[in-house]
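K.L.:
Residues per chain are reported as follows:
Protein chains: 8
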Amino acid sequence: MADSSLDGVAELDLDRGSRRGYPEAIYCEGKTPEQVRAIARRLAEAYASGETSGTALFTRASVEHAAAVVAELPDALHDEMARLVVWPPEPPTPTGELVVILCAGTSDLPVAQEAAVTARHLGRPVELVVDVGVAGIHRVLARRELIDRAGALVVVAGMDGALASVVAGLARAPVVAVPTSVGYGAAFGGIAPLLTMLNACAPGVGVVNIDNGYGGGHLAAQIAAR
Amino acid sequence: MADSSLDGVAELDLDRGSRRGYPEAIYCEGKTPEQVRAIARRLAEAYASGETSGTALFTRASVEHAAAVVAELPDALHDEMARLVVWPPEPPTPTGELVVILCAGTSDLPVAQEAAVTARHLGRPVELVVDVGVAGIHRVLARRELIDRAGALVVVAGMDGALASVVAGLARAPVVAVPTSVGYGAAFGGIAPLLTMLNACAPGVGVVNIDNGYGGGHLAAQIAAR
Amino acid sequence: MADSSLDGVAELDLDRGSRRGYPEAIYCEGKTPEQVRAIARRLAEAYASGETSGTALFTRASVEHAAAVVAELPDALHDEMARLVVWPPEPPTPTGELVVILCAGTSDLPVAQEAAVTARHLGRPVELVVDVGVAGIHRVLARRELIDRAGALVVVAGMDGALASVVAGLARAPVVAVPTSVGYGAAFGGIAPLLTMLNACAPGVGVVNIDNGYGGGHLAAQIAAR
Amino acid sequence: MADSSLDGVAELDLDRGSRRGYPEAIYCEGKTPEQVRAIARRLAEAYASGETSGTALFTRASVEHAAAVVAELPDALHDEMARLVVWPPEPPTPTGELVVILCAGTSDLPVAQEAAVTARHLGRPVELVVDVGVAGIHRVLARRELIDRAGALVVVAGMDGALASVVAGLARAPVVAVPTSVGYGAAFGGIAPLLTMLNACAPGVGVVNIDNGYGGGHLAAQIAAR
Amino acid sequence: MADSSLDGVAELDLDRGSRRGYPEAIYCEGKTPEQVRAIARRLAEAYASGETSGTALFTRASVEHAAAVVAELPDALHDEMARLVVWPPEPPTPTGELVVILCAGTSDLPVAQEAAVTARHLGRPVELVVDVGVAGIHRVLARRELIDRAGALVVVAGMDGALASVVAGLARAPVVAVPTSVGYGAAFGGIAPLLTMLNACAPGVGVVNIDNGYGGGHLAAQIAAR
Amino acid sequence: MADSSLDGVAELDLDRGSRRGYPEAIYCEGKTPEQVRAIARRLAEAYASGETSGTALFTRASVEHAAAVVAELPDALHDEMARLVVWPPEPPTPTGELVVILCAGTSDLPVAQEAAVTARHLGRPVELVVDVGVAGIHRVLARRELIDRAGALVVVAGMDGALASVVAGLARAPVVAVPTSVGYGAAFGGIAPLLTMLNACAPGVGVVNIDNGYGGGHLAAQIAAR
Amino acid sequence: MADSSLDGVAELDLDRGSRRGYPEAIYCEGKTPEQVRAIARRLAEAYASGETSGTALFTRASVEHAAAVVAELPDALHDEMARLVVWPPEPPTPTGELVVILCAGTSDLPVAQEAAVTARHLGRPVELVVDVGVAGIHRVLARRELIDRAGALVVVAGMDGALASVVAGLARAPVVAVPTSVGYGAAFGGIAPLLTMLNACAPGVGVVNIDNGYGGGHLAAQIAAR
Amino acid sequence: MADSSLDGVAELDLDRGSRRGYPEAIYCEGKTPEQVRAIARRLAEAYASGETSGTALFTRASVEHAAAVVAELPDALHDEMARLVVWPPEPPTPTGELVVILCAGTSDLPVAQEAAVTARHLGRPVELVVDVGVAGIHRVLARRELIDRAGALVVVAGMDGALASVVAGLARAPVVAVPTSVGYGAAFGGIAPLLTMLNACAPGVGVVNIDNGYGGGHLAAQIAAR
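Protein chains in written order, with our numbering: chain R, 1 to 226; chain G, 1 to 226; chain D, 1 to 226; chain W, 1 to 226; chain E, 1 to 226; chain F, 1 to 226; chain C, 1 to 226; chain L, 1 to 226.
If you are wondering where the hints come from, they were derived from the structure by calculation, not from laboratory data. For each residue, glycine too, the CB sits at the ideal point set by N, CA and C. Be aware that a few hints might be false.
Label-pair distances were calculated between CB atoms; the ranges are [to be verified]:
hint, chain 1, residue 1, chain 2, residue 2, range
1, L, Asp75, F, Asp148, 33 to 41 Å
2, D, Glu29, E, Asp148, 54 to 62 Å
3, R, His138, C, Arg41, 31 to 39 Å
4, F, Glu29, D, Ser62, 49 to 57 Å
5, W, Gly50, E, Asp79, 48 to 56 Å
6, W, Met81, G, Ala71, 19 to 27 Å
7, F, Thr93, L, Asp79, 40 to 48 Å
8, F, Asp148, E, Asp79, 41 to 49 Å
Facing chain C, according to a computed beta carbon distance under 7 Å, are these residues of chain G, among others [unchecked claim]:
hint, residue
9, Thr106
10, Ser107
11, Val182
12, Tyr184
13, Gly185
14, Ala186
Chain R extracted, bound-state conformation (with noise of 0.2 Å):
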């Protein structure tokens, strides 16, 4: 058993790498700096006595969070907007096929770019298109060429979520659907793009959590590695 105690605090799942093949990751909201430091401090162990290797991923980070991590794992990555500090900051040589990452709108910029920095750390070439929604349908139409090219695609939108029906009726790769909390009243937090993905008129999507870029990413990631 290689969990590992941290003082009734948190019990990391060190076997994770190999059971499931993917990154530990640590969900810092509601988390006090103290404990996402102790948390790092343990990993550092874990990697230094050669218990695990591989990548963790600090979602959901605030600035202290990140400066609790940074304080025990110096080189980690933060990523501002996209509230992830990772460890090791470089992400692994590309393997699989390319993950396409479409945001709608400027404003669900930071849970694309969640997205995005999940998938290549989980080792995907990414690329990553912003400011395509479907109010101005050219300009996905443009993006045609791309999106036959993607082994998964991660469409990220708020408000109507509608670019996620637009973009499934156009691909042949699967399509996992991020809505974002961004939007006027009846938007709802988010809601109504969730209802609108999930009623997606086209097969083929598979959704998500609100703002959940990095649940996002890491499913596109897990479609097209092979």
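Position chains G, D, W, E, F, C and L relative to chain R; hints supplied.
P.N.:
Below, chains G, D, W, E, F, C and L alone, put in the same frame as chain R:
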């Protein structure tokens, strides 16, 4: 005052034609066929006496409601798919701009038909196009010329409701969006397309109630009146 | 293709004016001031080079967003109450029919003002009337002459949102209803007036998103264009 | 203790008349006709023995429930539209102030009738007016004299529920608002008018449950008691 | 017409006192202190000129709003807990029946206090009892004599909102129920007690909006007027 | 492994008795009578071969489901009101503490009966009291002695669900609260009492699913086991 | 353009096979049997003329819909449990990786079967395992070898929907989660498992619509294609 | 009557200890520090005069609330993470069965700690295990011996809330489930795990309010009392 009491059952608003310029509408759901027949009789009398002129629409009419109307207004038109009974049966000669009705899928057709009949009997020229969902975006794009000719558009869609955003991004004319209750579980009886349409990322979309083809056709006819 | 890339941040739709006949709008919420400034700079260049002409609206602009725009487009108009920045600052000479904006209460005024500025900069003559809630129905009735003159009406209301039904029952012109998030607990951030307006018992009402004054003004300007 | 056991099926609250001054009410929905009949028999015995006096109301009674009551209380009054069975069949001589019931549309009539029968059997004079929706606001205004005479008003409305706000803005007496489940999709079985009424912009409105004509008539009768 | 324009900001309804018999109320939330001050100034002028008489209530007043009112109406009463500013500061001599306000917990006190101040300034005698939640049912039962004396009751409760049902089962007088937003997560900002109160198994309960102490006190004062 | 395959239809968990100490339960809703009969046959074989012993409960059983079970287990007990089929038909000799089931109204009786049968067949002594809603609080108080004797209480209530709070305020033993779908519109199929119970102002209440009498009886039997 | 008009009823997207590489699907709910038959006839002609090749799926087909299809395509396969009609009846020779479908309970079987048939007719090898809910976690763990062999997994579950999280924590392959509408009241027609799956604490889960076995099987087949 | 008035602010229920056998609890949220201090003073006097004995818990206490309590009860224990202030500071000597608290993730720890402190001060032995989410199911299975020893279990989980189902499937003792508001958008502040837990496919789960660690610990302590 041309209001017309019906023995504690209903009070017709016969001034409406002159006040608002549009037909009397009788919402049948929740009324007994006897009540609907009494209303039809009152209308027949009012037309006979010259108290009023112009069209009457019986909406959400079951087969029983329709029979009750026809018993009093024998030449009334019953469009079963649209659940409408209209009298007089012939629409007026079309005036104003073209109303284009775009229907995402065949399952949405009854609502689209209700909109089409309503707009025609309010005096507008109407064209209805079926099965132009965004899952095959080329179907929508193939209608660009028709979209450009419209003075008002009605988009009828269930499921993801994404058609409204795409059309509004293409059109110069206002779009009236009618969500339908067509779809799987998380369409929630039309909530999903309703929210999509309220959150359309392109401006120029006004939304009416779920499955309210009558309301959609009415509003479009008003917009295209001039 | 007149789309204009902004280094992975945004892609302006400069064709929009010719395609749809309406101004470019930039939704600022969720964008950094730096991103907004980059967009303003790109617009300035496009206008300078003759790539585009016509109006640009920056919606949901904070004070910081506004400063960023003004840094690039110094004579832009910042309407703080409406949270709008508009360029060029002068609206075009009014054409088309009158847009009448009825605002139920003073607390709804920022949204109504957003609608008014938008409609004016889309080129319509506009009149704005404040504090005509249905709790004092004589205030609404006192505006009948104005209502009759309108080519399109915008009703802005929170709480019970009942003004939309009453106005639609009086008006010949289409009503654009804008629910606001004003009100006590069970207004649920605008859901209560949103539902009221979707269920308006008078036909002729098209609803836009909660607090979406921009959308309401835009749709009314389109309706009153001819 | 005048509670009266019914073999593990129900326990009548025969003190209620003296304690609260109002009739016993038996909610029939979810009870078998046999259970309802057993309750009717127990009531018949209690009246016969002088244990209690005064009225009993069987609410939400199906035709089968009604037959079960009549089998034990043969002269009971069954109002099918209101789904009420009342015993004794004659209301008491009216006392207290006038209860005015305003019903927005004919489809709301069953609920309004339930309120009217309830208030009459609680001993109040009652007037019921049908089809005074706000889409034709002159219909409401035409009732101002009646509204002024009321000691309590009941407003019964589905769809937008806007009638409650308008009436409360006109009336000196308290308004009891009863939302109904009448309407298109986004009325959501009465949620729309329920929210409208809770958010009435005029004070003086107390709301009861959706379609609860019994509750509305009861509360109005209490208010108008003195 | 005694309506009084405020330069496009608000339109006071000075007839309201004579029309409905109750004070003018100004809802402050969403208004700027400047707007509130302008309204207070207009009121001061109207009183000075004899255009109106009687009480004015400024509800949902922040400290800044209160200061703005006091700047124009120096002797106005500011009840900070109730978020009310009242002018004139002295309530009228009490007439009508007793209004009893029952408050489930101390955390509900601000809303209960808002109801109490409102009812007093509408001219009713008021008694307020705090901390009588149903978790200790003997506390409620100990108030039976007071409950029997009431002409109207106001029940203010968050969390389970069960107090309304229990009190209505004991009382002869109507109960006005005011749900509050007090409570743990699944109270959902007052939805839980709102629903409890709408579903009260005892008749005689009218519900007002969440946290709407003003509305609750107003309705109770109307009921107890005679 | 004592799991027992059923040709791709179901896999019985025959170890459950020894693992958790409680009976096997088969949820019938959504299963065909043929599938239920196959399960009953497999159980009959397992009991015959000594693979398992102890009770089996078929929950949510329609009349058709019940017939299918009885075809294989002829002496099984079918409680139609509770929609339960139990085998063997005799409950075990009671052990543990008393389970008291309090049912707010007669319409809640099917759910209360389901709880009672379940708890009895899990081996507990059970008492069921009907029609003790809080609208007549003296009915609840009259049961104080019984409440004091309980080792676990089950409160079954629809509408306002307030009984759970009142009982928890009186009882020393834990309360299992079962909301029912009984009630008018805004009970929303049991959401109202569900929320009331989750927000009970007295601690000591654990809530189970709407109409889940089986779950309520099961949990109470576990609590009262010792 | 190989779109094929059907007299204003539907427009087949016969290019879809070449564009997206997947079969045409016809959603039958809301269509009349006559409309479905017309579509089947058009398909038969298109296949006959060589306009298209490959599979067609009629989803959500009632018995009447199925008969309408078979009238035109006599050898079509009707899977009644899955509510699917497939033509041609034989699935293609399996290619790609294994799709493993895990079904939490027997009541979820129709949805799981719809996923299985869909994936098979998209050309994947499929294994379906029934009744592996997390209440007996050893049943899931007993399938680890099968889970390890999958190229894509489909988890079909109602009620708590917890199976998706557990499987995703064990699997290397992506998980497609299909919530079902099976369960007691607070499952809310599938909302409960839908939310559980969207909130799966293990990454690698993509969610489709409630009861959408077709969508789940389609997405899994796409993922496992290579 | 040992109720103790606090000048219209609160009424302590000092009989509660004898009546229900559990400590007094003061919910601090929504109370001012002054109100909380007055309550603490009243408690100090009651203890001094022998009017009451035993523990008092101040729940949802901010730092300011805690300071107010300590000013009157200087040796009170303030657990900041749990937001609890307890007096007297030492828990009683443990009696009854073991309460085992399982916490899915570190972010859920504050709620779990609130449950642990509560159960300890109600007199039960407690063990708290952190970070045993179902994403690594082996972590849960590794605790089977501890689960078997429990007299009551508390499962604290946000996001998917799936831990409750898994634990209930393993345990003989009742499970108290506490959903937390931890998670991404579609966790909806705890609604997702709340629904999961109410729909647990294993019986034996009683659910308390979102983030209500106090309620969870209290109920578990009652269950494990004997």
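K.L.:
Checked against the structure, which of the hints given earlier come out wrong?
P.N.:
none
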